[in-house]
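Please model the entire structure based on the sequences and the hints provided.
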Amino acid sequence: MSVDDIVLDIRDLTTEFLVGGRWHAAVRGLSLALRRNETLAVVGESGSGKSVAALSLLRLLPQAGARIGGGEIRFAGRNLVALSEDDMAEIRGNAIAMIFQEPMTALNPTMTVGAQIAEAVLTHRRVSRAEAVVEAIRLLEEVRIPSAASRVHDYPHQFSGGMRQRVMIAMALACRPSVLLADEPTTALDVTIQAQVLALLSELKTAHGLAVLFITHNLGVVAQIADRVAVMHAGEVVELAPVGELFARPLHPYTAALLRAMPRVDVDSEDLEPIPGQVPSIAAVLPGCAFAPRCSFRQPGCVQERPPLVAIDAGHEHFVRCPVRAPAQEPTP
Amino acid sequence: MAAVSTAVARPSGLWLAFRRNRLSWVGLVLLAAIVLIAALAPLIAPYDPIEQHIAYRLEPPSAEFLLGTDTYGRDVLSRLIHGARISLIVAFAAVAIAMVVGTFIGVVSGYVGGMFDQVMMGVLDVKLAFPTLLLGLMIAAILGASLENLIIAIAVTEIAPFARIARAPTIALKQRDFIEAGRALGFGPLRIMGVHILPNMIADVVVMGSLWMATAIRTEASLSFIGLGVKPPTPTWGGMIREGFENILTAWWLAVFPSLAILLTVLALNLLGDALRDAIDPKLRAE
Amino acid sequence: MIRYAALRLVLAVPTLLGMLTVIFVLVRLVPGDAAMVILGEQANEAALQALRSKLGLDQPLYVQYLDFLGGVLTGDFGRSLASGRPVLDEVRFVLPYTIELTAAALGLGVIFGLLLGVLAAVRRNQAADYLGRIFSLVGLSFPAFVSGILLLLVFAVELGWFPVLGGGGEGPAAGLRNLALPALNLGLIMTAYIMRVTRSSMLAVLGEDYIRTARAKGVRARQVIMRHGLRNALIPIITVVGLYFGTLIGNSVLTEIVFNRPGLGKLILGALNTRDYALLQGLMIVFAICIIVVNTLTDLAYGFVDPRVKYK
Chain G
0 MSVDDIVLDI RDLTTEFLVG GRWHAAVRGL SLALRRNETL AVVGESGSGK SVAALSLLRL
60 LPQAGARIGG GEIRFAGRNL VALSEDDMAE IRGNAIAMIF QEPMTALNPT MTVGAQIAEA
120 VLTHRRVSRA EAVVEAIRLL EEVRIPSAAS RVHDYPHQFS GGMRQRVMIA MALACRPSVL
180 LADEPTTALD VTIQAQVLAL LSELKTAHGL AVLFITHNLG VVAQIADRVA VMHAGEVVEL
240 APVGELFARP LHPYTAALLR AMPRVDVDSE DLEPIPGQVP SIAAVLPGCA FAPRCSFRQP
300 GCVQERPPLV AIDAGHEHFV RCPVRAPAQE PTP
Chain X
0 MAAVSTAVAR PSGLWLAFRR NRLSWVGLVL LAAIVLIAAL APLIAPYDPI EQHIAYRLEP
60 PSAEFLLGTD TYGRDVLSRL IHGARISLIV AFAAVAIAMV VGTFIGVVSG YVGGMFDQVM
120 MGVLDVKLAF PTLLLGLMIA AILGASLENL IIAIAVTEIA PFARIARAPT IALKQRDFIE
180 AGRALGFGPL RIMGVHILPN MIADVVVMGS LWMATAIRTE ASLSFIGLGV KPPTPTWGGM
240 IREGFENILT AWWLAVFPSL AILLTVLALN LLGDALRDAI DPKLRAE
Chain R
0 MIRYAALRLV LAVPTLLGML TVIFVLVRLV PGDAAMVILG EQANEAALQA LRSKLGLDQP
60 LYVQYLDFLG GVLTGDFGRS LASGRPVLDE VRFVLPYTIE LTAAALGLGV IFGLLLGVLA
120 AVRRNQAADY LGRIFSLVGL SFPAFVSGIL LLLVFAVELG WFPVLGGGGE GPAAGLRNLA
180 LPALNLGLIM TAYIMRVTRS SMLAVLGEDY IRTARAKGVR ARQVIMRHGL RNALIPIITV
240 VGLYFGTLIG NSVLTEIVFN RPGLGKLILG ALNTRDYALL QGLMIVFAIC IIVVNTLTDL
300 AYGFVDPRVK YK
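Residue numbers (numbering that gives the first Met the number 0), protein chains in the order written: chain G, 0 to 332; chain X, 0 to 286; chain R, 0 to 311.
In short, the hints are calculated from the structure, not lab data. Note that the structure is a prediction, hence the values are computed from the model and not measured. Cβ atoms here follow ideal geometry from the backbone N, Cα and C, with glycine treated the same way. Careful: at least some of the hints might be erroneous.
[To be verified] DSS-like mimics (lysine-lysine), calculated; alpha carbons at most 27 Å apart, straight line:
| id | chain 1 | residue 1 | chain 2 | residue 2 |
| --- | --- | --- | --- | --- |
| 1 | X | K230 | X | K173 |
| 2 | X | K126 | R | K265 |
| 3 | X | K230 | R | K265 |
[Unchecked claim] So the derived list for chain G, only partly shown, Cβ under 7 Å to chain R, looks like this:
| id | residue |
| --- | --- |
| 4 | L59 |
| 5 | P61 |
| 6 | G92 |
| 7 | M97 |
| 8 | T104 |
| 9 | N107 |
| 10 | Y154 |
[Unchecked claim] Between beta-carbon pairs, the in silico distance windows are:
| id | chain 1 | residue 1 | chain 2 | residue 2 | range |
| --- | --- | --- | --- | --- | --- |
| 11 | R | I288 | X | V100 | 44 to 52 Å |
| 12 | G | M103 | X | V100 | 42 to 50 Å |
| 13 | R | F154 | X | Q51 | 26 to 34 Å |
| 14 | X | L42 | R | A300 | 52 to 60 Å |
| 15 | R | Q63 | X | V25 | 36 to 44 Å |
| 16 | R | L10 | X | P188 | 28 to 36 Å |
| 17 | G | Q298 | R | Q222 | 52 to 60 Å |
Set out below in structure tokens:
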């Protein structure tokens, strides 16, 4: 994988929220690179900052009380953080698209599905309404909605949950984006439907050469579709590795704990270990490693300085942020 | 047996609502001032409200008569102050009656349930379909214009909302375990309704009461304006505006001052009512 | 959808029946003898008896009730005691004025109410929002006749721009001048009400997920507000505005009285003053029917506008 394949380059991104009159970081110094034709999964518990990170990429944060506090998002030779709102709107739904968790509430109940997909097309392409609708039908077929030509005039409530999510995907891919941000798209779906949607996403990724950022808290899903995995905790990446490597050799104590807490077919449920404690709220993050209070490998040095993300392999594919398991020897990537 | 609270205005909630919404302080102060003025009417009013000063008829505001005089030479300011008494008493009495009767109907209907409840609700729906003013108008016209009839007319228009708001929690609470337990222990329905169900909705009902006071004042003023209110020479704000209306070309002060009085009172009640409502149920907030 | 509409229509009937019954009962409660009221205390017994017979007052109550209902069905709402004309004729004469006023007020209220409401919601907690909320709070605190009188004082009496006593005159220009202040009065109150409802509805809608989806598609702010925000916010707004109709009637009556405009309001006042209970009863029937019709139409409109109801 060469540097040329990098489509979205996030460098030291910090996103802050106004809580109790002061700004607190929900995403702290996030650095990730998204590559073409790759699914990068971002895993973590609720409150780890993964959704906020995705929203930050498209600058979809609420206008009041939230801001990007620092860092760069490099895309197509530009820094998205510095773009005007108009320029950003040009990119949204066009070059970078996003799908969300709850397909029922994420679609406008008073617009037909076809109109909503056509809207995505009409916003960014100079075509007629009729052409946009034709394109909408084609997209519905691409996501395997049966009888697309007639269903294009239906309303969201007339679809099942899985189909609605497909509609969302069709809408997101309408303008052939190069990056797809997926914020827990299958969390609200049945397991069987989930498998179908994941398969669809995989196919589309390969067909269009997409770079997919897939956010989830479900490691099972990660195992199914991810190429690389980033584990987030308290607003920062604590481990980054190719998927096989992560499951085989989880180095960060948090990653290991997540794996142990995950229900598996081959492990008795009595052997599951929930992770003690909770993700700290953004206003309560202490200096040093944020996981230290909950970590069984904790050393005195852990709470003094924020540990850097360190590559532990020669090929620079596996990174860990832990002074105990991966002490700093070389500069961060 | 302790009553479980479902909607109690926690003191902290009340304080918070007041602190957040500064306008509610205005409402409270304003209302307190008006009530005080009304209560102290005989002491504050410079003149007797029905005393006629023939020599000074239709005088604009002056040093002697601060807000002017009306067609009978009566001091507008004094009439205004005494009018506050009448208007507030009428509104308060009407709302109190409506509250008691309405809550009673609502609780009983909700508790008994079944056919009785359905019929009751149908009746209330019919009543609710009538606009407040028209219903009050009909009743006042039928019964004849007097203080008592005015109170009755207004009270009738406001029963249905109280019945509604008392019925909903009753139905919800009816299923709760501690009610079942009470019934098992042999408590009669009246005791259950009075001791266990009622306290849970007091807060909601009181909040409604404050909001409906504002409506009561407006209804009273409107009815008096049409001529269905208290008979002269007793001063009411609506009646004074009626007189002002008849003399609008020559004596602007007759209409303006009672208008301002009504506006301020209703505004104060609305502000207060909004703040109370926010304290009870943050979900009801407009924001 | 058909089922929904049919259900609404069916439910409307008992309510209307109930209202008519209430009207019937209330009017029969008038103390005193109707015949004596009309002919005066001095009239001799024979004449009184003849009148009672003519008015059907000597029939048992349930017969009177059935006659009453039958009359309503056939369009006979009784005759005015004062003028002797059928109530419907009296109504027909003044109806255009009332409709004109109501339409104008509704137009004003809807246009400005929606506009200000959306503005207040979009610019939440900024100057526009606070001003809007103050306006709506004050506007809703005025009883309709109070605001009417104040408007009359300022614009007609003091400034002389508009006629004071309702004015007459022929032609559209005069008509407009006569319409202006009462429409403004009624319209301001409607604006305050609609603004408040629009604001809260929009705020609720703007917090929904699909707004975020629309933004994520790159749709520009104005379209997001209009196509995704307002279109969804309108659904509850329509319902609330429909329910407001009753209050609108009350305000309209007061406005017509204040501005001396011909209309149903003036008719009511006249009926009250002359103790013309027959006319009063007839007018109440008219109002009851209008209210039921509007409520039902509102329900139907709701079913029409919300696709979730329309396509079940």
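Unsatisfied constraints (hint numbers, rising) = When the structure is compared with the hints, numbers 1, 5, 11 and 15 turn out to be violated.
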